[in-house]
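S.K.: Each chain, letter by letter, is given below.
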Amino acid sequence: MIRIVESKIDREKIVQSVSTPESGAIATFDGTVRNHSREKPVTHLHYEVFPEMALKELEKIRAEAMQRWPLNGMAIVHRVGRMEIGESSVFIAVSSAHRKDAFEACRFAIDTLKTTVPIWKKEHYQDGEVWIEGYGQ
Amino acid sequence: MLKVRFFASLKDLVGESEMEMQLEQETSVRKIFQQLETRFPEIKKYESILLVAVNMEYADLDSTVTPGDEVCFFPPVSGGTG
Numbered sequence: 001m002i003r004i005v006e007s008k009i010d011r012e013k014i015v016q017s018v019s020t021p022e023s024g025a026i027a028t029f030d031g032t033v034r035n036h037s038r039e040k041p042v043t044h045l046h047y048e049v050f051p052e053m054a055l056k057e058l059e060k061i062r063a064e065a066m067q068r069w070p071l072n073g074m075a076i077v078h079r080v081g082r083m084e085i086g087e088s089s090v091f092i093a094v095s096s097a098h099r100k101d102a103f104e105a106c107r108f109a110i111d112t113l114k115t116t117v118p119i120w121k122k123e124h125y126q127d128g129e130v131w132i133e134g135y136g137q
Numbered sequence: 001m002l003k004v005r006f007f008a009s010l011k012d013l014v015g016e017s018e019m020e021m022q023l024e025q026e027t028s029v030r031k032i033f034q035q036l037e038t039r040f041p042e043i044k045k046y047e048s049i050l051l052v053a054v055n056m057e058y059a060d061l062d063s064t065v066t067p068g069d070e071v072c073f074f075p076p077v078s079g080g081t082g
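The listed protein sequences correspond, in order, to chains A and B.
Numbering of the first sequence is given in the working numbering, commencing with residue 1 and proceeding in unit increments.
Numbering of the second sequence is given in the working numbering, commencing with residue 1 and proceeding in unit increments.
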């Protein structure tokens with residue numbers, strides 16, 4: 001499952017999508033909206049996406065991970081639009097026979113996503129807003 | 001013709017998300033960027049950090065563009081959280 005969604009992320013459904021009888025581990029990463037950034041209170045976030053290219057880049061991440069580690073499944077869902085504090089903006093689930101591969105591939109997926117997938121975050125504060133660009137690099 | 005698209009702060013700077021530019025023959029992304037610079041001088045500050053995609057594949061300023069291509073300019077990405 002590789003998706004860009006505008007509504008709330010359904011974690012359970014994503015985990016189920018990678019669950020297989022051969023898997024002894026499912027590692028997940030849940031990226032959530034933080035209430036502060038560089039010591040400034042954040043009221044909410046807004047994510048903009050280049051949808052066609054973002055999906056292609058997410059597929060590339062999955063393809064590379066499936067090749068590098070013996071995985072049974074990988075799902076990546078990124079939400080875009082407005083998000084409130086505590087909500088998930090990105091959720092990744094990876095299944096494998098043993099935990100080491102699932103952990104490593106999950107880490108690879110989020111770290112790569114932050115440098116290659118064309119999605120941008122705008123932080124909103126009480127007194128304004130700022131594009132956060134290249135923050136993940 | 002060439003379709004040019006902008007995202008995030010670059011879109012704000014240019015004031016629109018896409019535009020068409022005249023293109024009769026093969027050129028480089030750099031030449032396109034220089035043309036944009038004459039219309040939007042502030043875009044210059046992005047030159048060293050900017051990401052470029054030609055037909056939805058990452059490219060760079062030295063990449064070639066031909067009529068009918070789609071060129072996208074955007075700042076470094078910042079998806080995810082945590």
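Don't take each hint at face value.
One side only, chain B facing chain A, incomplete, derived with CB under 10 Å [to be verified]: (1) K11; (2) G15; (3) Q25; (4) T38; (5) F40; (6) P41; (7) I43; (8) I49; (9) L51; (10) M56; (11) P67; (12) G68; (13) S78.
Treat the hints as calculated values from the structure; they're not laboratory data.
C-beta: ideal position from N, C-alpha, C; glycine also.
S.K.: Hint by hint, note whether the structure agrees.
M.R.: Hint check results:
Among the interface hints, the one on B/K11 holds; its C-beta lies about 8 Å from the nearest C-beta in chain A, closer than the 10 Å criterion. Interface hint status for B/G15: violated, as the beta-carbon distance to the closest one in chain A is roughly 15 Å, over 10 Å. With 10 Å as the threshold, the beta carbon of B/Q25 stays out of range of chain A, its nearest partner Cβ sitting at about 26 Å, so the hint is violated. The closest approach between the C-beta of B/T38 and any C-beta of chain A is roughly 24 Å, which is over the 10 Å cut-off, so the hint fails.
Taking 10 Å as the C-beta cut-off, the interface hint given for B/F40 is violated, the closest approach to chain A being about 17 Å. The restraint placing B/P41 at the interface with chain A is violated, with a minimum CB-CB distance near 19 Å, outside the 10 Å limit. With a least beta-carbon distance of about 14 Å to chain A, the hint placing B/I43 at the interface is violated under the 10 Å criterion. A distance limit of 10 Å between C-beta atoms decides the matter here; for B/I49 the minimum to chain A is near 7 Å, and the interface restraint holds.
About 8 Å separates the beta-carbon of B/L51 from the nearest beta-carbon of chain A, less than 10 Å, and the hint is met. The beta carbon of B/M56 comes within 4 Å of a beta carbon in chain A, closer than 10 Å, and the hint placing it at the interface holds. For B/P67, the interface hint is violated, since its Cβ never comes within 10 Å of a Cβ in chain A; the closest pair sits about 21 Å apart. The criterion of a C-beta within 10 Å of any C-beta in chain A is not met by B/G68, whose closest approach is roughly 17 Å, and the hint is violated.
Contact between B/S78 and chain A, as hinted, is supported at the beta carbon level, the nearest pair being about 5 Å apart and thus within 10 Å.
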